[in-house]
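Colleague: One-letter residues, chain by chain:
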Amino acid sequence: MLLPNLFRTEYRNIVGVLCYLFGIEHVEIAEDIVSDTFLAATEHWSLHGVPDNPTGWLYTVAKNKTRNYLKRNALFEKKLAPEIRYTSEISEEIEIDLSGKNISDSQLAMIFAVCNPAISTESQVSLALSLLCGFGVQEIADAFLTNKTVVYKRLNRAKEKLKEARIRIEQPTLSEINNRLDPVLTTLYLLFSEGYYSESQDTVLRKDLCAEAMRLASLLLGNEATNKPAVNALLSMMCFHASRFDARVGDNGEMVLYEDQDEARWDQELISLGKDFLIKASTGEEVSRYHLEAGIAFWHTQKEDTSEKWERILQLYNNLLILEYSPVAALNRTFAVSKARGKEQAIAEAEKLGLTGSHFYYSLLGHLYTGLDNEKALAHFQKALEMAVSTSDQQVIEKNIEKLFL
Amino acid sequence: MNEFLIAIHRDLKSKDASPSPEQMQAAIKPFQDWIGSIAAQNKLVAPPKRWDLDGRVVTKNSTVTNGPYAEIKESIGGLFLIRAENYEEAVEIAKGCPILEWGASVEVRMALG
Chain A
436 MLLPNLFRTE
446 YRNIVGVLCY
456 LFGIEHVEIA
466 EDIVSDTFLA
476 ATEHWSLHGV
486 PDNPTGWLYT
496 VAKNKTRNYL
506 KRNALFEKKL
516 APEIRYTSEI
526 SEEIEIDLSG
536 KNISDSQLAM
546 IFAVCNPAIS
556 TESQVSLALS
566 LLCGFGVQEI
576 ADAFLTNKTV
586 VYKRLNRAKE
596 KLKEARIRIE
606 QPTLSEINNR
616 LDPVLTTLYL
626 LFSEGYYSES
636 QDTVLRKDLC
646 AEAMRLASLL
656 LGNEATNKPA
666 VNALLSMMCF
676 HASRFDARVG
686 DNGEMVLYED
696 QDEARWDQEL
706 ISLGKDFLIK
716 ASTGEEVSRY
726 HLEAGIAFWH
736 TQKEDTSEKW
746 ERILQLYNNL
756 LILEYSPVAA
766 LNRTFAVSKA
776 RGKEQAIAEA
786 EKLGLTGSHF
796 YYSLLGHLYT
806 GLDNEKALAH
816 FQKALEMAVS
826 TSDQQVIEKN
836 IEKLFL
Chain B
49 MNEFLIAIHR
59 DLKSKDASPS
69 PEQMQAAIKP
79 FQDWIGSIAA
89 QNKLVAPPKR
99 WDLDGRVVTK
109 NSTVTNGPYA
119 EIKESIGGLF
129 LIRAENYEEA
139 VEIAKGCPIL
149 EWGASVEVRM
159 ALG
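Residue numbers (our numbering), protein chains in the order written: chain A, 436 to 841; chain B, 49 to 161.
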């Protein structure tokens, strides 16, 4: 395994176990111990070579460093003593359990602690990347197209809020699961979207973000209590979207629009996984937004434009909007109207949306007028171009304008 | 923005009930499109539910009859809440109800306060 990957995985594993043991109050101590461990590893391994079992090496050193820390820091011990739940009395030989079982238990507990409405959703995503995924501050800054200082501040504020709110790092009880699962799924959804729709040109990083969101969703499915239909639906949706990850990036890193994609590059394995999860999601009474979005994503894996495809997509968008309004869903629904009911009807629907603050709205109108009234289409695309901020959005609009003159 | 009640009335079970069950079946998609369109404008406050066709009617002296049909020719077939600037806009939205075509009527009422 590559060292950066090893460090990323073991960072979240060891930090998780230590936080599970110490509580959120001492999250920085947990992070310091793990950073120290990695520093020691880098030094030692560069002199003596990487050991046969690097993970085991890291665990031993992390355990020793934790014990030393506890012994050395009497004040900390005093403060910590009542909070340690795994040892009845604090002794010299405190048990630091880095077994697979305890790692996955602590990961689950950490997910529920981090994805907490006590902090803003944006901070939740950043904190999830840091504590649950082991991403460095620079990587998080790259993902959000910002700088390290901003991310540091955001992470620290988020940790302070969790401490103030006295968030406990524990397994959610069965009766809590339903209420507490919602914010968790929202954060995983955002984490995935951050990777999938990010402005960042770093495709590898963006793929990592999506993969992490999928890993965390799988982790929830691995636990009986959190293996719920909505979680299966969420992971199903992620699989369907991720199947197009390679096809949507062109040779020069530019976005390839859905209709221009080479479907031979769609990942069939992910599509079939997505179907499996969608089947597993189809139990129980509840139809979550993830069910509807997974359904929409499923129909997008069918390249052929059948009338059934767009009819289904339209109905799914209807239901999604009835459940919860969002401008993106409103625009996409209107696109589905054009495919299922014709452009004239879609134009009438679009004009009712009044989303005049969004360049996507003008792009949609441009699309709808294309072929009907190219002059109007051009005017709308130009309006969209004026409003678009990111280069990738501008490129997409320019491409659409070019198509007008073909 | 004001809230408006949209109540769809229809003849549910008289001898020649209209719309007929077949017509209602055919109206499902247009109905969903209509509600979806309202929702896409962010004007849906409370979505419609599906109601059974059983029902009870309570009148004076606690007389209970089965089904609303004997006493009330036009029963409530659908009920939901929307957001609109004024009656004009609410009525414009109500005009989109696809069941109107088959003899239903739509009652529009503005919530006070």
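Check each hint, because a few of them may be wrong.
Claimed, not checked - Distance windows between CB atoms, simulated:
#: 1; chain 1: B; residue 1: MET158; chain 2: A; residue 2: LEU839; range: 41 to 51 Å
#: 2; chain 1: A; residue 1: GLU746; chain 2: B; residue 2: MET158; range: 47 to 57 Å
#: 3; chain 1: B; residue 1: PRO69; chain 2: A; residue 2: SER539; range: 35 to 45 Å
#: 4; chain 1: B; residue 1: GLU136; chain 2: A; residue 2: VAL824; range: 32 to 42 Å
Quick caveat, the hints were computed from the structure, so don't treat them as lab data.
Since the structure is predicted, the reported quantities are computational estimates derived from the model, not experimental observations.
Quick reminder that beta carbons are idealized off the backbone N, C-alpha and C, glycines included.
Colleague: Hints first: check each against the structure and report whether it holds.
Modeller: A quick look at each hint next to the structure:
Between MET158/B and LEU839/A the Cβ separation comes to about 45 Å, which falls inside the hinted range of 41 to 51 Å. Distance hint check: the CB atoms of GLU746/A and MET158/B are about 35 Å apart, inconsistent with the given range 47 to 57 Å. Roughly 53 Å separates the CB atoms of PRO69/B and SER539/A, a value that falls outside the hinted 35 to 45 Å. A beta carbon spacing of about 37 Å between GLU136/B and VAL824/A agrees with the range 32 to 42 Å that was offered as a hint.
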